[in-house]
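There are 2 protein chains.
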Amino acid sequence: MQDILFDFISNYVSLTDDEKNALLSLDLFHSVKKGTVLLKEGQKTQDSFFVLKGCIRVYYIIDGEEKTTAFYTELGALTPHCVINKEPSDYFISCVEDSIILVSNADMSIEVNAKFPKFDVMCRMLSEELLAKQQIDFDAFKTSSPEQRYLNLLQKRPDLLQRVPQHQLASYLGIKPQSLSRLRARILEKKN
Amino acid sequence: MQDILFDFISNYVSLTDDEKNALLSLDLFHSVKKGTVLLKEGQKTQDSFFVLKGCIRVYYIIDGEEKTTAFYTELGALTPHCVINKEPSDYFISCVEDSIILVSNADMSIEVNAKFPKFDVMCRMLSEELLAKQQIDFDAFKTSSPEQRYLNLLQKRPDLLQRVPQHQLASYLGIKPQSLSRLRARILEKKN
DNA sequence: CACATTTCTTAACTTAAGTGAACGAGTTTG
DNA sequence: CAAACTCGTTCACTTAAGTTAAGAAATGTG
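Heads up: the protein sequence lines correspond to chains G and W, in order. For the first sequence, our numbering begins at 9 and goes up steadily by one. For the second sequence, our numbering begins at 9 and goes up steadily by one.
FYI, nobody ran anything at the bench for these hints, they're computed from the structure. The structure presented is a predicted model; accordingly, all values stated were derived computationally and were not measured. From the three backbone atoms N, C-alpha and C, an ideal C-beta is built for every residue, glycine too.
Taking lysine to aspartate or glutamate and the EDC-like style, the derived pairs with C-alpha atoms no more than 20 Å apart in a straight line are:
no., chain 1, residue 1, chain 2, residue 2
1, G, Lys48, W, Asp147
2, G, Lys75, G, Glu49
3, G, Lys184, W, Asp147
4, W, Lys126, W, Glu27
5, W, Lys164, G, Glu95
6, W, Lys94, G, Glu137
7, W, Lys94, G, Asp147
8, G, Lys48, G, Glu105
9, G, Lys61, G, Glu82
From chain W, some residues computed to sit far from chain G (all C-beta separations above 10 Å):
no., residue
10, Tyr20
11, Ser22
12, Cys63
13, Glu105
14, Leu161
Use the sequences and the hints to build the structure in full.
Now the structure itself:
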């Protein structure tokens, strides 16, 4: 499990053994059971999450309805909005599957970053990269229809369709579960 | 104009006069005429943009149609995707109005950041903040209808409705210009 | 100033998503 | 094991967005 983390980090900076040990000594790894809620609406937290194995999900409850807006799977990094802006969270985060998650506390990060400036550089590269990636995803969402979005998801993250209940996928695609059902039936018909 | 920049920066780090002068000596400010294209599809660039005055716009051309996905106005920062991933750009960037824009080259940034680690810290804070903000925007887009998105835009960025042609706003809202017209008429009717 | 172009609106028609309800399959739980 | 839930699908109906076309209003240009 540690290797997964260090392999990931090596894409950005190279760590000495000292630095690796410093990281490991922080006791960052957590096993989390399916269904566990990591963050609730209205709560504040200082924790960021990095998925080593499994899947976590971001969702709002609007007019009593769950609206899923994001899934984070292997190597996905999520810093909740409330960590940045210090406001109570607008959304929930929960585990879609039994998962292994790295949880890093903001205070702790400050310490580590002070000791090892490398981490700061890595964080900057990472968030710049994530920002650019998310911009592309947002653009693709804006410029395409629900059907195109579904086909695009099928291409880019086919695993999600297996791992995640369809009604959660539906709101992720910006539509209702019934519409997703219908849309899938429509696509199957076209193929034949 | 310089004050606008330094006021903005002071939200993140405090600069000494030396550092301010170092920044100013880089000749970053550019006046750009309405309609100027700053980046074309297929091009690569190392430049990031920061709007001091005016408005720039990101758009794709898909099946011969312009699809606008973002507007950057005063204090908006845009690092094109191609700066991060070194691939040719998928989109265009152009000036909606006569604008004053700070253009910062990636190589230059590396130099400056090496000399003044403070800038690195600021860039990290900025991109983390932008990432979190964009996530919220993306979530709001996914969880709402075109009409709600329009009303939301009216709340959050009323200036855009004045500055920007409606057919560009339409694709920004994920719909066709005719639908935006109709939607606006519908809303007016409801009020009366 | 007249002509061309761009921008916005309106209308009729088509297509797809939202809504409410019902049903069966699978899972959970008392 | 039976009752209660959850999940996905289907259907009939409503609502809103896409499409095509036409024309009015505003803007730009020779």
